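Protein chains in written order, with the working numbering: chain W, 6 to 383; chain V, 5 to 271.
It is worth saying that the hints were derived from the structure and are not from the lab.
Treat the hints with care, as some may be off.
[Said to hold, decoys possible] Below, in silico cross-link-like pairs of lysine-lysine (DSS-like), each with a Cα-Cα straight-line distance of 27 Å or less:
id, chain 1, residue 1, chain 2, residue 2
1, W, K375, W, K301
2, W, K301, V, K139
3, W, K316, W, K375
4, V, K161, W, K274
5, W, K301, V, K161
6, V, K47, V, K35
Here the structure is a predicted model, which is why all the values come from computation and not from measurement.
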Amino acid sequence: MTDLSYVRADESPNLPPPVNTTGVIGWMRANLFSSIGNTILTLIGVFLAYSIFEPLIEFSLINAVWEGENRQACVAPPDSGLHVGACWAYVKAYLPQFIYGRYPIDERWRVDIVYGLFALLLIPMAIPGVPFKRTNALLLLIAYPIVAYFLLTGGFGLQIVETNLWGGLLVTLVIAVTGITASLPLGILLALGRRSNLPIIKLVSVIFIEFWRGVPLITVLFMSSVMLPLFLPEGVNFDKLLRVLIGVTLFSAAYMAEVVRGGLQAIPKGQYEGAQALGLRYWQMMGLIILPQALKLVIPGIVNTFIGLFKDTTLVLIVGMFDLLGQIQSSFTDPTWSSPTQAHTGYLFAAMVFWSFCFGMSRYSLFMEKKLHTGHKR
Amino acid sequence: MAENTVEAEELHANRSKMHISDTDVAIEITKMNKWYGDFHVLKDIDLRVMRGERIVICGPSGSGKSTMIRCINRLEEHQKGSIVVDGIELTNDLKKIDEIRREVGMVFQHFNLFPHLTILENCTLAPIWVRKMPKKEAEEIAMHYLSRVKIPEQAHKYPGQLSGGQQQRVAIARSLCMNPRIMLFDEPTSALDPEMIKEVLDVMVGLAEEGMTMLCVTHEMGFARQVANRVIFMDRGQIVEQNEPEEFFNNPKHERTQLFLSQILHH
Ligand SMILES: Nc1ncnc2c1ncn2[C@@H]1O[C@H](COP(=O)(O)OP(=O)(O)OP(=O)(O)O)[C@@H](O)[C@H]1O
Ligand SMILES: [Mg+2]
Chain W
6 MTDLSYVRAD ESPNLPPPVN TTGVIGWMRA NLFSSIGNTI LTLIGVFLAY SIFEPLIEFS
66 LINAVWEGEN RQACVAPPDS GLHVGACWAY VKAYLPQFIY GRYPIDERWR VDIVYGLFAL
126 LLIPMAIPGV PFKRTNALLL LIAYPIVAYF LLTGGFGLQI VETNLWGGLL VTLVIAVTGI
186 TASLPLGILL ALGRRSNLPI IKLVSVIFIE FWRGVPLITV LFMSSVMLPL FLPEGVNFDK
246 LLRVLIGVTL FSAAYMAEVV RGGLQAIPKG QYEGAQALGL RYWQMMGLII LPQALKLVIP
306 GIVNTFIGLF KDTTLVLIVG MFDLLGQIQS SFTDPTWSSP TQAHTGYLFA AMVFWSFCFG
366 MSRYSLFMEK KLHTGHKR
Chain V
5 MAENTVEAEE LHANRSKMHI SDTDVAIEIT KMNKWYGDFH VLKDIDLRVM RGERIVICGP
65 SGSGKSTMIR CINRLEEHQK GSIVVDGIEL TNDLKKIDEI RREVGMVFQH FNLFPHLTIL
125 ENCTLAPIWV RKMPKKEAEE IAMHYLSRVK IPEQAHKYPG QLSGGQQQRV AIARSLCMNP
185 RIMLFDEPTS ALDPEMIKEV LDVMVGLAEE GMTMLCVTHE MGFARQVANR VIFMDRGQIV
245 EQNEPEEFFN NPKHERTQLF LSQILHH
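This is chain V alone, in the form it adopts within the complex (with noise of 0.2 Å):
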């Protein structure tokens, strides 16, 4: 198990070297626009998003936060403008997706974990699966991303045997063993009461301290503000404003942005 540690720490030592010397940004997005529909959901998104940065989307109800983030991993598909995840152009081709996915993990609001697997069968599934990796040590990896969100007891139980923010950090565990580079996260904690938020927070920061690229979609001001690098508000589609978060939070632009804030920080 220790060796095996080691091996995992080593796993993440190399792909930090890879980040610096690979091209520093790691998702672009250029005028890209989404209609469900009639409805145009997305409007002219431009976003540029660099390696080993924490990006935080906040904005209203139904402005189009989860659908933006679900075209990056072709949860959903966008009809104009250009999606480039780490080099690579998201197009209908099925094996370009494929190689975006294996490298974006995703975490839900509602965990989305398979019910009728364990645990350690809904992290060991994709990397067994997908990157035709040998059971053992896929266990083995499962186990060291199990332990790192604390919850190594649980493996052998079902995910409708345990509480909320467990299912949350195992789902987080879950995308962590296919040692994705870029991690997306909807509302992970809005589903979840006050005392288990802390707990899958505390998962989230540890991983923004090791230098993950993440996208979060999330109302946590106090997690904007310690982790995030950039602060994005949406409106109506719109990318409407975006800021460090000292400054996004201090002194908003944007009367929306302002209203917003009022919003949320007086409730």
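So here's chain W without its partners, still in its complex pose (with noise of 0.2 Å):
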């Protein structure tokens, strides 16, 4: 006969996990080789990684020219059958220009300190633990923006440089750093104007919508640098890259106020009731409660329209701008440098530039997701 009753008589103490399943052998066990089929893929994987990869590597590394002060460098020899690489040297040698465009030489230290202003500030604001933050995101905020203008423009004494000589990595940071800035915060007023209980804010803010999201970004940049003056009276005039900004910053207005409204729908209706019984007004409600949780989940959607804003800068070009690539194209009519491998070796180089930009901002929006995270979700 089997006894039903049992009465544990002791507690089983706290093992360490089995050795095999822990370590770089023990993982690769689990994850490459468990089965046959899964050692079949590994090694097909690994096949096309190395196909892809190992002409990249050979094309970019080891047979690059990174020294030279012309074409010369660049081109084989006509019959030595040599394979040249990349053309580092060209991309070295227009690097200036790629930074600053057509910036007058004497006055690019200012946007140097743009620069360095900007990355001084922003990687404290950053970084978490770091004190100060709200004096920090004062000056980023506020005090920034007045003095980047002031510096990039001139007046005060300095030399004014017209926008028009602007260029390179410029016009693409100008251009995404003032349209992710300001298209958050209007896409977020958007996002609560289109839930908002009062008809008439409700219909602006679909009406300005579903406007900007039916329209292509090319056709606001051509509208706002060839229509945009006709409708002007005569003499007033805006400056040409300050209407690309307002051009982009609204486009990505309306795609963030709908990743924004995803979010704000994701949360539920309990949360806005226990703000409301604790007296809570409208703002501190959405600002302190409601706004907080739906833009930490909907993170990824945020940072995927600043990584589509961002790679959108290189549009302008077709409204005469010159951005990072745009002036990396336009260096290539330079004969100086006409190799074969040029045009590749400065796609590859736009390639790499915008990659790890938007590359960087991915990671921190994960990393960030991770450390907003509180407790299970349930």
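Dock the two chains into a complex; use the hints.
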């Protein structure tokens, strides 16, 4: 007869996990070679990676030309049969142009200060443990834009530099950073507006969002630079860069609004009621309770929009402005450096720069998501 | 800390004194009606709650219990009749609504704690932003009430790391931090496991003993017998019967009350 009654007499001790599930070998065995099928997939994967990266490494590193004065360095002697890889010497020679565009050489220190200040303010802002976040944010969001504006455009004894001389990374970053910082708050307001109980505010938000989402960015840029002057009274003229900035900001604000609205919809009604029952006003409830949770939920979507905006800055070429990519492309016409691999190198460089920025944003957002995660989800 | 406890107790004492000197009616609901679209949820509700009174509201699901107490702090809007809380009539005037919400605490079935804030921050948020209290003072008061609900050691955890019973006790402490004169409870224990119900009820009994004006929607009949001055039975949007607990449970008059009680007491 089996005994149905059982009483545990002693506590089981906590043991460490079995050895073969930990460590590099354990990991490889579990993840790469757990079965015949998995092993075959692993081998195919290694082969594919090799066939893609081997030529790329050969082109960009092994056969690359690092030093040189002109095209001579990057062109193989006629019958030597040598393959010349990336012409980094050309990128090196052009680097100042890629960074500053046609900004006057003697005034480029001003751009350097703007870059430097930005890094100086952004890095402590982005690292969670650093103190004085409030001061930091005020400096970054209010003082910095003013300082940067006067440094870049001139005035107060500084030589005036027209924005049509700006170019390269400077234009890319000015558009991207302005677009990103302006479109998030605007998008939040639009999202709140779209969920508002006040019919007029709701209608305006809906029309705004649907209008800007419905037109391609290229059209927006064209309209802002070609059509807008037609509607403005004689003599009134906005700076072209300013018009582009406004266009890009409003365009991405519409996308941002929908991303944020998605987050707002995921917040349970109980959170609103909890906040209201405590006597919080609308803006307190939104700012302290609802938005912090909603925005955290949609960090991936927000960063997605940021990354899209960053890459869309390249479209300004269409209205005659030279962002990083435009500047690189325009350098292809220079005969001093014309060589078979010039364009390849230029595009590779552009891709690397864009990718680093976007990858940086993506990693940072993942880090923040982990950081903001509090306790268990239920 | 000790000093602060004394302070908080003084606060309490002052409030009790105020209760006596103020008008004795805490909530006065007259001929209140509410509709959801075409659906008539609350019909001619008349209810007067005196200061220090503890009222338990029960009734079948969908009878309008939650809707009624949510009208008291304007989480729901009533369309006809009047509600006067603490001498202030509820209208569309946002200022008055704010004033009433500051004086009326509410505890929900699903706690509604703010998951992105620590327990302490949950408790200090409203005092700091609504009462404009200095952070330090708010934290001291919060710790006082967290000790009273017996979880001061959890102050720096997040709601998601606590058990349901602990979360509900935090929710009660959070309301108390606003020093409310009236507390509303909407089925505070019905989302909890049986072993946690007692810890929450104990806190509520404690509150009742201190003389808090309480309106509780609950089906905890033991609690009703122990602390209620009056039990109200609602059905189909109406108050069908009200009486003191002994009489209500032992000798229900209305047939629907009898049916309801026979159902819940025999389960
Ligand atoms: N927002 C709403 N819109 C339409 N109808 C609603 C809404 N909220 C509640 N109701 C309806 O109003 C009636 C009363 O709801 P209420 O939540 O007050 O009931 P209750 O007595 O609290 O029930 P329970 O014991 O299930 O909580 C129900 O029939 C419900 O379906
Ligand atoms: Mg209910």
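Okay, the hints, checked on the actual structure:
1. W/K375 x W/K301: This hinted pair holds, its Cα atoms lying about 10 Å apart.
2. W/K301 x V/K139: Cα-Cα ~25 Å, so holds.
3. W/K316 x W/K375: Within the cut-off at roughly 26 Å; holds.
4. V/K161 x W/K274: 23 Å, holds
5. W/K301 x V/K161: 19 Å, holds
6. V/K47 x V/K35: 8 Å, holds
In terms of the numbered hints stated before, the structure departs from none.
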